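For what it's worth, our numbering labels the leading residue of the sequence shown as 1, then goes sequentially.
Heads up, a few of these hints could be off.
Stated by the list, open to error - In silico DSSO-like pairs for lysine-lysine, Cα to Cα no more than 27 angstroms straight-line:
# : residue 1 : residue 2
1 : Lys43     : Lys81
2 : Lys86     : Lys43
3 : Lys96     : Lys86
4 : Lys75     : Lys96
5 : Lys43     : Lys96
6 : Lys81     : Lys96
7 : Lys96     : Lys77
Derived from the structure by calculation, the hints contain no laboratory data. None of the values given here were measured: they were computed from a predicted structure.
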Amino acid sequence: QVQLVESGGGLVQPGGSLRLSCAASGSIISIYAMEWYRQAPGKQREWIALVTSGGSATYAAPTQDRFTITGDNAKNKMSLKMSSLKPEDTADYYCKIDSCPRDYWGQGIQVTVSS
Numbered sequence: 001q002v003q004l005v006e007s008g009g010g011l012v013q014p015g016g017s018l019r020l021s022c023a024a025s026g027s028i029i030s031i032y033a034m035e036w037y038r039q040a041p042g043k044q045r046e047w048i049a050l051v052t053s054g055g056s057a058t059y060a061a062p063t064q065d066r067f068t069i070t071g072d073n074a075k076n077k078m079s080l081k082m083s084s085l086k087p088e089d090t091a092d093y094y095c096k097i098d099s100c101p102r103d104y105w106g107q108g109i110q111v112t113v114s115s
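Build out the structure end to end from the sequences listed, making use of the hints.
This is the structure:
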């Protein structure tokens, strides 16, 4: 059973930066997109960024211009570089790989933005 494992989370001050990484424990074929989601305490999970297998990236409005998603289909890895972090970015962050015939989710990693 392939699993996705996130790393790089933690506590950061407002205005700071973090880089989240996500790696698969095995090989995933037929990947067509990689995504990041987040879930703040007491809120629903929200989509924040996607990169296609062709390298095109799209972002949710709250993260555009501050977050950068990258993906490496061959290595089954992705990352999310986050800068100018705000307290409202505090959440559990989840990676997701969209592939055929199934999708894969990471277990989540906590990011706390606080002084």
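Exercise. Find the hints from earlier in the document that the structure breaks and name them by number, from lowest to highest.
Key: none
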